[in-house]
Amino acid sequence: MDDLLREFLTETNESLDVADVELVKFEQDPNNAQILNNIFRLVHTIKGTCGFIGLSRLAALAHAAETLMDKFREGAPVQSEQVGLVLQTVDRIKELMAELEVREGVEPEGSDQDLISQLEIMAEHAFDAVPAVVAPPPPPPKVPAKVPQQLEREMLPGEIPLDELDRIFNETPVDPPKKKEVALAKPEPAAPAKNTLPAPAKAKEPTPAPAAPARKSVAAADDEHKAPAARGDDHAGSVSSQSIRVNVGVLEHLMTMVSELVLTRNQLMEIARRQEDSEYKVPLQRLSNVTAELQEAVMRTRMQPIGNAWQKLPRIVRDLAQELGKQIELEQIGAETELDRQVLDQIKDPLTHMVRNSADHGLEMPEERRAAGKPEKGTIRLSAYHEGGHVIVEISDDGKGLDVARIKQKALDNGLATESELAKMSDSQVFRFIFAAGFSTAAKVTNVSGRGVGMDVVRSNIEVIGGTVEVRSKQGSGSTFVIKIPLTLAIVPALIVEAAKERFAVPQSAVIELVRVQPNSEHQVKRLKESPVLCLREKLLPIVNLGKLLGMAPEGEENLEDLLIAVMQVGNQTFGVVVDAVSHTEEIVVKPMSSVLRQLPMVSGSTILGDGRVIMIVDPAGLAQVAASPEEERTSELAADAAARLRNQGATTSLLLLRAGSGDVKAVPLSLVTRLEELELEKVETVNGHPVIQYRGALIPLVHVNDKVKRGTTGTQPMLIFSDEGRVMGLVVDEIVDIVEARLDMQLSSDAPEALGAAIIDGQATEILDVGHFLSIAFGDWFESHDGDDDRLGKILLVDDSLFYRNLIEPVLKGAGYEVVTCASAFDALEALTASRFTAIVSDLDMPEMDGFQFARAVRSEPSIAGLPIIALSSDRSSDSIDKARGAGFTDYIAKFDRSGLIAALKEFAGTAHGEAA
Amino acid sequence: MTSTSLVIARQETTGAGAQYVTVRIGPQLFGLPIEMVHEVFVPDHITRVPLSTPEIEGVLNLRGRIVTMINMRTMLGLKAHAENKRMAVGIEHHGESYGLMIDEVGEVLVLEPGRRESNPTNLDPHWADIVTGVYRLKGQLMLVLDVDLALGRLNTARAA
Chain A
1 MDDLLREFLT
11 ETNESLDVAD
21 VELVKFEQDP
31 NNAQILNNIF
41 RLVHTIKGTC
51 GFIGLSRLAA
61 LAHAAETLMD
71 KFREGAPVQS
81 EQVGLVLQTV
91 DRIKELMAEL
101 EVREGVEPEG
111 SDQDLISQLE
121 IMAEHAFDAV
131 PAVVAPPPPP
141 PKVPAKVPQQ
151 LEREMLPGEI
161 PLDELDRIFN
171 ETPVDPPKKK
181 EVALAKPEPA
191 APAKNTLPAP
201 AKAKEPTPAP
211 AAPARKSVAA
221 ADDEHKAPAA
231 RGDDHAGSVS
241 SQSIRVNVGV
251 LEHLMTMVSE
261 LVLTRNQLME
271 IARRQEDSEY
281 KVPLQRLSNV
291 TAELQEAVMR
301 TRMQPIGNAW
311 QKLPRIVRDL
321 AQELGKQIEL
331 EQIGAETELD
341 RQVLDQIKDP
351 LTHMVRNSAD
361 HGLEMPEERR
371 AAGKPEKGTI
381 RLSAYHEGGH
391 VIVEISDDGK
401 GLDVARIKQK
411 ALDNGLATES
421 ELAKMSDSQV
431 FRFIFAAGFS
441 TAAKVTNVSG
451 RGVGMDVVRS
461 NIEVIGGTVE
471 VRSKQGSGST
481 FVIKIPLTLA
491 IVPALIVEAA
501 KERFAVPQSA
511 VIELVRVQPN
521 SEHQVKRLKE
531 SPVLCLREKL
541 LPIVNLGKLL
551 GMAPEGEENL
561 EDLLIAVMQV
571 GNQTFGVVVD
581 AVSHTEEIVV
591 KPMSSVLRQL
601 PMVSGSTILG
611 DGRVIMIVDP
621 AGLAQVAASP
631 EEERTSELAA
641 DAAARLRNQG
651 ATTSLLLLRA
661 GSGDVKAVPL
671 SLVTRLEELE
681 LEKVETVNGH
691 PVIQYRGALI
701 PLVHVNDKVK
711 RGTTGTQPML
721 IFSDEGRVMG
731 LVVDEIVDIV
741 EARLDMQLSS
751 DAPEALGAAI
761 IDGQATEILD
771 VGHFLSIAFG
781 DWFESHDGDD
791 DRLGKILLVD
801 DSLFYRNLIE
811 PVLKGAGYEV
821 VTCASAFDAL
831 EALTASRFTA
841 IVSDLDMPEM
851 DGFQFARAVR
861 SEPSIAGLPI
871 IALSSDRSSD
881 SIDKARGAGF
891 TDYIAKFDRS
901 GLIAALKEFA
911 GTAHGEAA
Chain B
1 MTSTSLVIAR
11 QETTGAGAQY
21 VTVRIGPQLF
31 GLPIEMVHEV
41 FVPDHITRVP
51 LSTPEIEGVL
61 NLRGRIVTMI
71 NMRTMLGLKA
81 HAENKRMAVG
91 IEHHGESYGL
101 MIDEVGEVLV
111 LEPGRRESNP
121 TNLDPHWADI
131 VTGVYRLKGQ
141 LMLVLDVDLA
151 LGRLNTARAA
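Protein sequence lines correspond, in order, to chains A and B.
The numbering of the first sequence is the UniProt record's numbering, which starts it at 1 and goes up by one.
The numbering of the second sequence is the UniProt record's numbering, which starts it at 1 and goes up by one.
Everything labelled a hint here was simulated from the structure, so no lab data went into it.
It should be emphasised that the depicted structure is a prediction, and the values quoted were computed from it without experimental measurement.
There could be a bad hint or two in this list.
[As the list claims (entries may be wrong)] Example chain B residues on the side facing chain A (calculated, C-beta under 7 Å, incomplete):
1. Pro43
2. Leu60
3. Asn61
4. Thr68
5. Glu96
6. Ser118
7. Asn122
8. Leu123
9. His126
10. Leu154
Here a beta-carbon is modelled for each residue, glycine too, at the ideal position from N, C-alpha and C.
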C-alpha cells in the first residue's frame, strides 16, 4: 500500500468519526449552521480525496450524501430519516474503507445504487417533504440548488462539479487544522479540468454563496476542538499546527530505549554507591534526574484523552434512541482526562456496552418518565477524572435504577444465592449479581441488550487491566457505574518475591497483605484433607505454593509451620500464595513475552530488574484459577450455604474439642454427648468382629472416629458416650482438648463421611464430626443386620432451613426407624404434605420467609392434614417461645440437640398417629 | 550483562552465492542463512521460564531486549551440553528476538545455490522438519537450518 493511500485511510477514518458525532449534534440542533458546515466540509473532503485517488465508488457515495447535505445548507428542513440515511452512508463508506485496507487500495466490487438513489430522492424532495415547516430558515436560494443538480446527470460518479472545486479553493487557505487534507485536495483542479466545457461561466455564479460558509468553517473548526469528542491529535486546539503525527511504533521504541536508560542509570548508581568520593557522583546525579524526567515525558506521549474512547458513543446513543423510541441526551465530562493508550483500547468496548445498557435498561420510555415526574428526555452522563494514580470513569443515567427485587429473584432462580442470604444482603451486595455470568434482568431480550452476556464480560475486561467496577443505584432515580482503572499498564508497581530460587514479580494491585506463619504466630496453616488452608482472622483461605505451581520446586510434603504467604485477591476470590522470600517493591516495565511463550498459564510477561536480570511477572488471575480447584468450587458453594444458614442461628453452641487420628482438632456439639469416659483398653471385647465394652451393666459398641485413631491394647483412652433411646455407644478418640462456646460457622464442607464440615473455632480450622454417622455405624448397619428388616415406624417430614441440622437430625430419625423426607423451607414442606402422607412433622421454628409458627398454622388450617402431630425444634428454650409454639398448634417443643427427647416425642405422638393411620 | 557480543559484519552479497553462517550443534555442522543472523553472543544469566516446553532454555536481557533462548541440542534431540561451552546466535523472527544456543560458531561460507542437494530420504524425521537441504563441503556435510520452520515447530508444540 503506498503512503498516499495509507495517509488517506487514516485521515478519512478520522473524518468519518468526527462526521458521526457532528451529524448526531446536527439532528438535535438543525438550525446550527456551524455544525452543518462542519459536516458538509467533512463529507466534502472525503469526496474530494476519493475522487483524487480514483476511488470512484466511495466518491459517488460521498457525493450523493453531500448533495443532500447541501439541501440542508440551503434551508431544507432537517428530518431524522434524512440524517439516518446520511449516517447509513457514512457506515457504508466505513465498510468500503475497511475493505480497501484489506485489499491494499483496490475498491471492492459492488454497487451502492441503493443508497445513492435514496439519497437522490431525498435531495430532490428535500423541500417538498414537509412544506409547512419550511418557514423558519431564511428563504433558500433555489437557483444554485438546480445548478449542481443538472450537472450531476452529465458527470461520472466521483467527479466533482466545478462550483465545488471553487468552494474548495475558497476554503483551503482558511482551514489550518486540516492541513493534510488540504494538501491532498489541492491538486484536484487538475483532474476535472479535462471536461472544461462550461466551467468558467458556471463557476462564477455560485461563488458568492459558498464564500460565507467558508469563513464560518474556521469558526466551526475551532468549535470542534472545544467539543469533548475532539480528535486526539487536534487536542491542542487551534495551536494544532504545533503537533505532529507520530507512528505508535516510534513511541514504543522510545519507551523501550528509555526503560533501557533507566536500567543503565540504576547500574551506574549502584557502582557509584560502592565508591566513596567518586568524581562521577555529581554528573551521575544529573544523569539520574534527566533520565527520570525523560521517562516521564515519554510516558506522557503515550497518553491519550479518554474522549477518544467516547467518540463513537454519541452516534450509538442516537441510533439506540431511535430504535427504542426514547429520548436520550449524552453528557460528557472530563473527556480530556488522559490515560495510556493501551488501557484506552481495553476499556473502549466495556464502556460502549455499559452506555448501551444504560440507554436500553436504565432509561425509561418517555411516557413512563413523564408519569414519574421526570423530563421526557433521559440523560446519560459520562465523566472521567484522575484520582491517585487511577482514572475513575462514571457512567450514570437518571433512569429507573436497578430493580433490587428483580435481581434478587433472578439470583435465586440462577442459584447464585439462597433467600436467607439475599435477605441479609445490602442493596449494593445485591447489585453485584449483575456482573455474574448469564445474568440479565431485562424482562425482554432486545437486540440491544438483555441476553445476559455482557456485564460479566465488562467486569472481566476491566479486571484484566487491574481495574474494578462498582454500581450504585437508587430505585426511581437512576444508577451509576463506577470504573476504576490504572493510568498505565506499561509500568506497574510490583512486589518482587522469591520462589524455587528464582525471583518473580507479582503485581502489587493483587496483593492484599503479607502473612508470616510461624509455630507461635497468630495465624496458622492447617491441612483439611490434603489441601492446606490459612486461618486468617475469621477467614479460611486456600493456599498454593508458587514454586510448585510453576513446576520449579520439587513436589513433596512441605513444612507448614514456617511460611511466608502473600494473600492475594482477584475479583472476589482471596487466596494465599506461599513464597520463599519477599524482597522489595519496584516499578517494573512490563515487556511482552515472545510468541512461543505467550500462552503460558500463570505468567503474563517479563521485566528487567535493576541488576539487569530478566524475571517473570506472575499472572494473579492464573494463580486464582488454580487456587480454585474443583474441590474448592464445590466447597465454596456448600460452605456458603451452610455458613449462611448457621449465621441465621446466631446463638453460640457448646462444642467439645477433641483429637482423633491426624493432629487437627475436631469438634462435636456438647449437647449430643451423654458422658465422657476413660476407656480401659484391656476390657475391650469383640463381638462379631466389632469392638464392644461392658458399660454400666450393658454391652455397648465402640466406634473409632477414623482408621487413624490409636487402637491400643493397654492403658486408657478417652471415649465419648452417646446414648440414644436406651442404646448407648462409645466413640473412641485420641484426646479430649477442651470445651468451648463458639458460633457454629461452617465454612467448608467435607467429603469425609464422619465430618459435616469445617468451621473456625478459636481461630482454628476444625472439622465438625457427624454424630449421626457414628450412630448409623453403631446402630444402623450393625444392629439392623441383627434385627433384620424392621418395619418402618412411619414417615416423618423434617423441615429445617439449615443443611447442618437436616444432616444432623435426619440420621437420628432414620436410626430410630422412621422414613424421612427433608425440606429446606416451609413452602416445600406444604407441597410435600400434599404429595404424600406423613405420620408426623418435625419443624424448625426460625426459618426465613415462612417461619415455623406460620407453617404450623398453615398445617392446622388444612383439614386433610390438620391432625398431624407437629414437633417444634428450636434452640430458643424461653417459655415465651414455647407458649407461642403451642398457640400456633405445635404438638410438642424440643430443644435442637435433644435427640432422645425428639425420639420420645415422636414415639408418643407419631406412634398413636401411626396406629390410627394403620 | 557480561557477555561478549560480536556483531557480524554484513558483507554485500556478491554474485549468485548464498552466504551461510556455519554453526556446530553436537557433532553436526549446520548453516544458517546470513540474513537471519543478527549477532553471536555468549549467553549469560538465563532466567528459566516456568511451564515452558523443554526446548526453551529461558530468557535473557541482551542490551535491553528480552531474548528467548532456544536450546538447539534439545530441539534436535541431542544430549545437553556442558555449561561452559555455550554460544548463541541471535536471530529476529517476526519482530521478536530469539537466541539459538549452539556449541560453536564457524566461518561464513559463500555457497552456490546450485550445489544444494535435497535432504537424504533417511534423514531423521525430527531433523528433516527443520532442515531444507544439504551442502557437501570438504570433508563434511552442512545441513541448511530453516529458522522459520524451527520456531514454527515451537509454536505448534505449544498449541498442541
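### Agreement of hint histidine 126 (chain B) with chain A interface, Cβ distance less than 7 Å
Cβ of histidine 126 (chain B) sits 18 Å from chain A, so the hint is violated.
### Message
Given a cut of 7 Å on the nearest C-beta pair, is the interface hint for asparagine 61 (chain B) held or broken against chain A?
### Response
holds (5 Å)
### Query
Is the hint on leucine 154 (chain B) kept, meaning its closest Cβ partner in chain A is under 7 Å away?
holds (4 Å)
### Query
Holds or violated: is there a CB of chain A closer than 7 Å to the CB of proline 43 (chain B)?
The hint is violated - proline 43 (chain B) has no Cβ within 7 Å of chain A, the shortest such distance being about 12 Å.
### Message
Would the hint on asparagine 122 (chain B) be counted as holding, given a Cβ-Cβ threshold of 7 Å to chain A?
### Response
violated (30 Å)
#### Entry: Status of the hint placing threonine 68 (chain B) at chain A (closest C-beta pair under 7 Å)
holds (4 Å)
### Query
Does leucine 60 (chain B) pass the interface hint, meaning its C-beta sits closer than 7 Å to a C-beta of chain A?
holds (6 Å)
### Query
Does leucine 123 (chain B) meet its interface restraint, that is, does its C-beta lie within less than 7 Å of any C-beta in chain A?
Violated, about 24 Å.
### Query
Are serine 118 (chain B) and chain A close enough, Cβ to Cβ, to be under 7 Å, as the hint says?
With a closest approach of 28 Å, the serine 118 (chain B) hint is violated.
### Message
glutamate 96 (chain B) was flagged as interface toward chain A. Is the shortest Cβ-Cβ separation under 7 Å?
### Response
holds (4 Å)
Checked against the numbered hints listed earlier, the structure breaks hints 1, 6, 7, 8, 9; every other hint is satisfied.
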